[in-house]
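Trainee: For reference, the chains in residue letters:
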Amino acid sequence: MISLKLVRRNLLKHKMRSALTIASLVVGIFLLCVLRSLVVAIESGVQGAKRDRLVVQSAVSLFVSLPLNYQAKMEEVPGVAKIVKWQWFGAYWQEPKNFFANFATDPDALFDVFPEIEIVEGSVEEWRKDRRGCIVGDKIAEEYHWKVGQTIPLISAIFPPPQGDTWEFTVSAIYRPKSTAIDRRTMFFQWEYFEKGVEPLYGESPGTGTYFLRLAPGADQNEVMRRIEAMYENGPQRVTCSTEAAFQMQFVTMMGNIPTLMMSIGTGVLIAIALACVNTMLMAFRDQAHDVGIMKALGFTDGGVAGYMLSQSLFLCLLGGLLGVALAKGSQPLLMMGPMGAMFPGYDVTNRTMVIAASLSAAIGLVAGFVPALAARRMRSVDALRSVE
Amino acid sequence: MNDAMIRARGVKKTYTRAGETLTVLDGLDLEMEEGHFYALMGPSGSGKTTLLNLVGGLDAADEGELLVAGESLADLSGGELAAWRAANVGFVFQAFNLIPVLSAVENVELPLLLSPLNRAQRREHAMYALKLVGLEDRAKHRPQQLSGGQEQRVAIARAIATDPKLILADEPTGDLDRKSAEQVLDLLVRLNGELKKTILMVTHDPHAAERAQRVVHLDKGQLGRVETRAAAAT
Amino acid sequence: MLVPLAYNVRSIFVRRSATILTLLGIGATVTVLTGFLALRAGFRAVYTQGGRSDVVYFLRPGATSEGQSSFPRERADRLVKSTPEIAQDAKGAPLAAMEIYNAVRRQKARGAGETNVPIRGVQPASFALREGFRVVAGREFKFGSDEVMVGTKLIDRIQGCGLDEVIQLNTTPFRVVGVFESAGAAPSEIWGDYERIGVALAVPWANSILARLKPGVDLKEFASRIKNDKENPCKVMTEPEYLEAQTNALGTMLAMVGVILGVVMGVAAIFTAMNTMLAALAARTHEIGILLSVGFRPLAIFVSFLFEALLLGLLGGAIGCLLALPLNGIETGTTNWDTFTEIAFSFRLTPDVLVTAVIFSLALGLFGGAIPAFRAARLAPTEALRRR
Chain A
2 MISLKLVRRN LLKHKMRSAL TIASLVVGIF LLCVLRSLVV AIESGVQGAK RDRLVVQSAV
62 SLFVSLPLNY QAKMEEVPGV AKIVKWQWFG AYWQEPKNFF ANFATDPDAL FDVFPEIEIV
122 EGSVEEWRKD RRGCIVGDKI AEEYHWKVGQ TIPLISAIFP PPQGDTWEFT VSAIYRPKST
182 AIDRRTMFFQ WEYFEKGVEP LYGESPGTGT YFLRLAPGAD QNEVMRRIEA MYENGPQRVT
242 CSTEAAFQMQ FVTMMGNIPT LMMSIGTGVL IAIALACVNT MLMAFRDQAH DVGIMKALGF
302 TDGGVAGYML SQSLFLCLLG GLLGVALAKG SQPLLMMGPM GAMFPGYDVT NRTMVIAASL
362 SAAIGLVAGF VPALAARRMR SVDALRSVE
Chain B
2 MNDAMIRARG VKKTYTRAGE TLTVLDGLDL EMEEGHFYAL MGPSGSGKTT LLNLVGGLDA
62 ADEGELLVAG ESLADLSGGE LAAWRAANVG FVFQAFNLIP VLSAVENVEL PLLLSPLNRA
122 QRREHAMYAL KLVGLEDRAK HRPQQLSGGQ EQRVAIARAI ATDPKLILAD EPTGDLDRKS
182 AEQVLDLLVR LNGELKKTIL MVTHDPHAAE RAQRVVHLDK GQLGRVETRA AAAT
Chain C
38 MLVPLAYNVR SIFVRRSATI LTLLGIGATV TVLTGFLALR AGFRAVYTQG GRSDVVYFLR
98 PGATSEGQSS FPRERADRLV KSTPEIAQDA KGAPLAAMEI YNAVRRQKAR GAGETNVPIR
158 GVQPASFALR EGFRVVAGRE FKFGSDEVMV GTKLIDRIQG CGLDEVIQLN TTPFRVVGVF
218 ESAGAAPSEI WGDYERIGVA LAVPWANSIL ARLKPGVDLK EFASRIKNDK ENPCKVMTEP
278 EYLEAQTNAL GTMLAMVGVI LGVVMGVAAI FTAMNTMLAA LAARTHEIGI LLSVGFRPLA
338 IFVSFLFEAL LLGLLGGAIG CLLALPLNGI ETGTTNWDTF TEIAFSFRLT PDVLVTAVIF
398 SLALGLFGGA IPAFRAARLA PTEALRRR
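Residue numbers (this note's numbering), protein chains in the order written: chain A, 2 to 390; chain B, 2 to 235; chain C, 38 to 425.
Just so you know, these hints were derived from the structure itself, not from any lab.
All values reported here derive from a predicted model rather than from experimental measurement.
Even glycine gets a Cβ: it sits at the ideal position worked out from N, Cα and C.
Honestly, I wouldn't trust all of these hints.
Sample of chain A residues with no beta-carbon within 12 Å of chain C, all distances over it, derived [stated by the list, open to error]:
#1 Leu-13
#2 Gly-29
#3 Arg-132
#4 Glu-193
#5 Glu-245
Capping the alpha-carbon separation at 25 Å, the derived lysine-lysine pairs in PhoX-like fashion look like this [claimed, not checked]:
#6 C:Lys-272 / C:Lys-257
#7 A:Lys-179 / A:Lys-148
#8 A:Lys-16 / A:Lys-98
#9 A:Lys-197 / C:Lys-267
#10 A:Lys-98 / C:Lys-264
#11 B:Lys-221 / B:Lys-13
#12 C:Lys-118 / C:Lys-267
#13 B:Lys-166 / B:Lys-197
#14 C:Lys-267 / A:Lys-98
Chain C side only, calculated, beta carbon under 7 Å to chain B, not exhaustive [as the list claims (entries may be wrong)]:
#15 Arg-47
#16 Ser-48
#17 Ile-49
#18 Arg-53
#19 Ala-319
#20 Thr-322
#21 His-323
#22 Glu-324
#23 Gly-332
#24 Thr-419
Please model the complete structure; the sequences and the hints are all you need to start from.
Mentor: Have a look at this one:
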């Protein structure tokens with residue numbers, strides 16, 4: 002019905018105009034993909050949360066620790082299979098911008114509660130043997146070129162080292178998580194090393210910020226949560242026990258309205274691109290009015306010429322959109338290096354994102370082509386042939 | 002007084018269009034005297050408009066010598082040519098002569114912007130030119146508000162605004178009805194008779210050519226016959 | 038020598054739909070950029086106003102904010118006693134205060150989720166050390182009692198922080214007895230007695246020490262001396278320095294996002310402008326021919342079209358700024374990425390922000406118009422005058 006060749010010829014006739022329009026789409030759709038992927042990253046922690054894990058923290062504050070003796074008591078609660086403690090260490094490598102998550106923890110309990118941590122290089126035995134040992138995610142190992150056996154000096158913003166300026170660690174193993182609950186840019190080290198290191202300054206055993214609990218199969222999640230919170234109703238530190246998903250959500254809402262913000266930004270971008278496309282199609286129609294008149298005089302139907310205008314718009318926009326999507330996917334490894342990777346470890350241009358983006362570009366094509374298509378449909382040959390442009 | 006206003010010797014001009022080379026002017030020799038009204042005629046493709054463009058410095062010859070108003074155009078640089086044109090030549094085209102967003106007097110003022118006159122002087126000169134062509138009461142009108150003939154007369158006012166020696170007109174009556182065409186031709190004759198302007202008018206219309214003093218025929222890029230009218234028609 | 042400006046100004050409005058679309062495209066881009074810059078300006082304004090250069094923060098070496106710093110009690114006492122540069126109040130006591138900086142989990146108003154509201158355990162000298170501190174409702178809390186005051190910004194934005202409400206810190210209830218106003222970030226905080234807060238949260242240590250220095254103290258030397266002290270090394274920052282440092286992470290992020298967005302949307306806007314100018318050029322080749330025939334030079338044509346594009350940019354920018362104006366003063370808040378606690382601030386369209394927006398919009402016009410203007414100037418008169 003509508004000759005694709007005609008459509009292509011017309012677009013090629015105005016190379017600059019077509020190129021500029023396609024380019025706006027590429028840039029805009031690329032950004033939309035990146036934005037959505039950022040939102041996906043922010044929410045990925047929540048998505049990957051396991052249903053049989055609970056998190057215990059201070060009910061009052063994120064910045065207050067729980068006593069270590071809580072662990073033994075909580076282990077006695079029916080339904081609790083295993084507990085591991087994590088203490089946020091707040092360290093960076095060489096410069097403050099080389100910042101990543103690091104935790105002091107128990108090597109034995111860690112893998113029981115988080116079986117999705119898979120060692121890809123080195124071994125857990127090595128880690129157990131070396132008090133200064135640590136395991137690091139494959140992404141940071143890659144970025145900072147760390148090898149198993151290497152010594153890495155880290156500077157903690159919160160805990161001064163027992164001597165000198167840095168805490169010395171040895172890379173015992175490199176891990177790769179099998180789910181998004183654990184990201185690929187974290188480092189775990191031995192609790193004992195941490196405890197001994199802060200003793201001189203604190204003079205007493207430090208507490209821990211977070212306990213992760215793994216439930217036994219068939220345990221009643223709500224019952225366990227209720228009991229644990231009740232246990233410490235009268236202190237010394239009240240606790241809040243939540244599901245892992247709720248725990249991750251906490252960090253999302255802390256970022257404020259960032260997901261909403263991203264989406265409203267996305268709308269702004271869409272508007273800018275849509276305007277560019279509408280502009281182009283109006284121009285295209287202006288110089289094709291004459292051609293449309295001829296087509297109608299030759300016998301093309303109203304619907305046919307409308308479709309002709311719409312096809313041009315769709316073609317332009319889909320082409321630009323697909324290129325933009327390809328660019329977004331292709332640039333993923335590049336963007337993940339550096340600060341973006343640090344802030345959004347779960348960043349991934351998913352298939353869903355790509356489909357949504359492509360659909361949006363098609364939608365823009367339809368919107369932009371709507372007015373010219375309508376005008377073409379309504380046009381009378383006589384008027385068109387008279388118009389000289 | 003009868004110096005050659007225009008002297009062409011062996012002028013050649015070729016164009017390349019869509020891969021083909023066309024020789025439009027092929028060794029043209031021509032002389033035109035000051036103070037005369039010339040009509041330039043010839044079949045389509047004979048090079049009339051090309052010659053006009055060369056004389057006005059809008060284009061450059063490939064070969065040959067071209068002296069206009071005492072200047073060898075080939076020796077002038079682009080900038081010098083533009084300045085020379087502003088001072089010595091007034092153009093009138095067949096259509097689309099005026100800038101639509103400017104009023105009549107603003108259109109006439111355009112060439113004056115390139116002269117050292119100040120604002121008040123420019124306005125004075127422009128209004129005077131409009132008066133000469135009988136349209137001073139249309140000074141503030143936009144081209145859309147004028148008839149075809151009126152537009153053309155405003156274009157002529159613009160062409161004479163800087164008091165140039167030479168007026169070059171390319172089919173000035175081509176788009177006009179009979180009456181307007183007569184008015185325009187009357188004006189050109191007056192400009193030549195009263196103000197002693199040298200006029201070179203390209204035309205298809207023998208009726209228009211009748212009003213000129215000399216008719217130059219071009220054929221296949223070379224000079225054909227030259228007719229002289231006994232007296233300029235009034 | 039130059040083509041009259043009226044030509045360009047009037048020509049813009051001839052092709053109305055294209056011009057409007059271009060102006061909207063530029064306008065939308067400028068609005069977004071201005072919005073982010075205004076957000077950043079508002080955020081930074083909270084911190085960078087009202088810092089006194091004679092007030093200093095003592096922190097643990099290596100800490101960049103109070104939350105990361107910690108001082109055992111005796112060390113803090115010793116520091117205050119052994120630093121003669123610290124000024125004294127009317128009664129001869131040092132104008133210095135140990136403070137606890139922590140956070141309490143609170144629900145945001147309107148069900149927007151949980152956040153960490155900063156809570157500060159203060160000493161009597163803390164009030165004198167804060168610029169513009171005054172109680173606007175209720176009264177000051179009594180030292181030694183389980184009472185707190187809340188900053189004005191918390192009232193509307195956080196649940197359970199109103200006058201007479203009770204904030205539970207572990208097993209100890211604290212009653213809100215007053216609301217205070219102050220310069221800087223304090224109005225987003227809850228204040229209580231250092232001793233009582235410390236006990237309730239089981240936090241035995243101070244996070245920072247604030248002090249006012251005597252006039253005439255050489256800050257550089259002072260900071261260096263304290264930093265290199267053998268027994269008790271500390272990081273010293275003046276209040277303005279400290280506050281500025283708390284705006285790094287989020288401030289940079291907001292600027293970056295604003296710029297990236299501005300660039301991406303700007304590219305689309307530039308392309309729209311370019312298309313519009315190219316179409317205008319195509320429709321006006323005869324006009325260019327006339328100008329050339331009259332004697333205007335190609336450079337004049339170039340400048341003329343470039344001016345037209347710049348004008349489009351400027352108009353679009355004006356529209357963009359107008360659209361962004363209603364944002365001015367709108368309150369919002371988020372987690373400060375340096376302190377990890379909630380901070381309230383509002384959009385602020387400062388002159389700086391507007392100037393940046395205008396320059397940006399001119400740049401958009403410039404980039405959009407450069408190629409079309411160049412093409413216009415390259416037209417040969419004979420081409421331009423050719424009948425179609």
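Trainee: Work down the list of hints and note, for each, if the structure agrees.
Mentor: Quick rundown of the hints versus the structure:
{"no.": "1", "hint": "Leu-13", "verdict": "holds, 16 Å"}
{"no.": "2", "hint": "Gly-29", "verdict": "violated, 6 Å"}
{"no.": "3", "hint": "Arg-132", "verdict": "holds, 23 Å"}
{"no.": "4", "hint": "Glu-193", "verdict": "holds, 22 Å"}
{"no.": "5", "hint": "Glu-245", "verdict": "holds, 16 Å"}
{"no.": "6", "hint": "C:Lys-272 / C:Lys-257", "verdict": "holds, 12 Å"}
{"no.": "7", "hint": "A:Lys-179 / A:Lys-148", "verdict": "holds, 21 Å"}
{"no.": "8", "hint": "A:Lys-16 / A:Lys-98", "verdict": "violated, 45 Å"}
{"no.": "9", "hint": "A:Lys-197 / C:Lys-267", "verdict": "holds, 23 Å"}
{"no.": "10", "hint": "A:Lys-98 / C:Lys-264", "verdict": "holds, 23 Å"}
{"no.": "11", "hint": "B:Lys-221 / B:Lys-13", "verdict": "holds, 12 Å"}
{"no.": "12", "hint": "C:Lys-118 / C:Lys-267", "verdict": "holds, 16 Å"}
{"no.": "13", "hint": "B:Lys-166 / B:Lys-197", "verdict": "holds, 8 Å"}
{"no.": "14", "hint": "C:Lys-267 / A:Lys-98", "verdict": "violated, 29 Å"}
{"no.": "15", "hint": "Arg-47", "verdict": "holds, 4 Å"}
{"no.": "16", "hint": "Ser-48", "verdict": "holds, 5 Å"}
{"no.": "17", "hint": "Ile-49", "verdict": "violated, 9 Å"}
{"no.": "18", "hint": "Arg-53", "verdict": "violated, 13 Å"}
{"no.": "19", "hint": "Ala-319", "verdict": "violated, 14 Å"}
{"no.": "20", "hint": "Thr-322", "verdict": "violated, 9 Å"}
{"no.": "21", "hint": "His-323", "verdict": "holds, 4 Å"}
{"no.": "22", "hint": "Glu-324", "verdict": "holds, 5 Å"}
{"no.": "23", "hint": "Gly-332", "verdict": "holds, 3 Å"}
{"no.": "24", "hint": "Thr-419", "verdict": "holds, 5 Å"}
Violation of the numbered hints given earlier is confined to hints 2, 8, 14, 17, 18, 19, 20; the remaining hints are satisfied by the structure.
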